[in-house]
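**Student:** Protein chains in written order, with our numbering: chain A, 1 to 205; chain B, 206 to 410.
Note that these hints are calculated values from the structure, not bench results. Don't take each hint at face value.
As the list claims (entries may be wrong) - Here are the simulated BS3-like cross-link-like pairs (lysine-lysine), alpha carbons at most 27 Å apart as the crow flies:
id, chain 1, residue 1, chain 2, residue 2
1, A, Lys190, B, Lys406
2, B, Lys395, A, Lys188
3, A, Lys188, A, Lys201
4, A, Lys190, B, Lys393
Said to hold, decoys possible - Simulated coverage check for chain A against chain B, where a stretch passes if three residues somewhere in it have a Cβ under 8 Å from a Cβ of chain B:
id, stretch
5, 39-50
6, 71-78
7, 172-185
Backbone N, C-alpha and C define an ideal beta-carbon position, used for all residues, glycine too.
There are 2 protein chains.
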Amino acid sequence: MPKGVPEVIPDDGLTTRQRRQLPVLAVHTGPGKGKSTAAFGMAMRAWNAGMDVAVFQFVKSAKWKVGEESTMLALGDLYEQTGRGGPVQWHKMGQGWSWIRKNDETQDDHAASARAGWSEIARRIREEQHDFYVLDEFTYPLHWGWIDVDEVVDALRDRPGRQHVVITGRYAPEPLMAAADLVTEMTKVKHPMDAGRKGQKGIEW
Amino acid sequence: MPKGVPEVIPDDGLTTRQRRQLPVLAVHTGPGKGKSTAAFGMAMRAWNAGMDVAVFQFVKSAKWKVGEESTMLALGDLYEQTGRGGPVQWHKMGQGWSWIRKNDETQDDHAASARAGWSEIARRIREEQHDFYVLDEFTYPLHWGWIDVDEVVDALRDRPGRQHVVITGRYAPEPLMAAADLVTEMTKVKHPMDAGRKGQKGIEW
C-alpha cells in the first residue's frame, strides 16, 4: 500500500493541498476479475466520505451485479434516513436508462442506447451533478466504436470542479488510459469457471 | 465478464448444483491497486446475499481503509436494525485484536500478533462461525514466515461447510495460490502518486 509519500514532487505550480484535492480518473481494465468489484469498493469509500455517488452500467443484461446494486442502494437509503454517508443513484442501460421513455427507439439499438447513456453522463459532468461516477463496462462501447473516444477524453479532461470518475471493462482504449491518473490491469491467474464451476449468488453477483 | 457457462464440465462426480454450492477461496495479489478494494466489494455482495461477513486486517497501522470499515459497519448496523443483508464484524491487528487483552505481550510483537490473529481465524473456520471471511493483507505474515503457509493451506482446504475466504496482499505464496479457486493479479499500470500526488479521503481511504 502507498503510504501517502509521493516519490517525486511535480513542478506543476500547485501546493500539496491543491494537488491532494485534484479529481481522480481511474481505469480498471484487463481480463481478470475485480474490475467492477474494485470500482464498487471505491464507491463504498466515496459514500463514507459523504460524496454523491452515481453508477452507470453499460451492460446489455443487468442481471449481473445485483448484489452491489442492492447494497449501494441500501447505503443510499441509509443516507436518506440518517444523513450518514452520501446519496446514491444506480442507472442501467440493460433495462433502458431511467431518464429515457420506455418506448424510445433506442431501447432496441444498443449502440444508440450506449450513446444516450454517455450523453446524459456528459451533461451531468458539465453540471457537476455528482462527486463520484462509476461508468461500469463503459470501455466496451468505446472499443466497439459506438461512442467516440476523443469526445469522452475531452469531456473528462475538461470536467469542472472535483468530480471523480472510475471506468471499468476490458480493452480500455489507449487515449483513455493516457488521460487517466490511475490505471490498474486485472490479470486472470486462475478462475473457478475454468474448473467447470458456475457462478453463485453472493460470490459472482 | 463470465456469463455463467463453464468452459469444461469437470469429472468430479458432483452435480452442477453441488458444484455451484462449493465454497470459494480467492486470492487478490500483485503490485497494483484494487486488491483490498475488490475484496470489500465482494463483501458487499456477500452482505446482500445475507451472509455473515467477518473482516480481519493484518496491517500494523489501521489508519488506512477506514472508509471501507465504516461503510461495512454501517451495513452491519442496517442488518441489526432492519434484518436487511447480514451481520458484519471488522477486526484489526493494528489496534490489537478485540479478543486479546490490551496488556497482552503480543501487542508489541507483530509476528506474535499476526499468529494470534490467524489462530483465532482458524478456530472460527473450524467452528463455521462466519460465511464470508476477508483476510486483508494476510499474505505479508505468510511471506515473512511469521505464519506457516502449509498450516494455513491445510486449514483452508479442510474447512467445513460453505465458508468463502478472500485473501489479499502482495507476494502471495505459491502453495496458497495453488490451493485457491480464484487468483487475480492486480498490476499497476499508472498511479497518481507517481506524479507526486498524495492520497485523499474518499479515494485512497
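**Student:** If a hint holds in the structure, say so; if it doesn't, say that too.
**Tutor:** For each hint, the structure was consulted:
no.	hint	result
1	A/Lys190 - B/Lys406	violated (33 Å)
2	B/Lys395 - A/Lys188	holds (19 Å)
3	A/Lys188 - A/Lys201	holds (21 Å)
4	A/Lys190 - B/Lys393	holds (19 Å)
5	39-50	holds (count 11)
6	71-78	holds (count 5)
7	172-185	holds (count 7)
Of the numbered hints given earlier, the model fails hint 1 alone.
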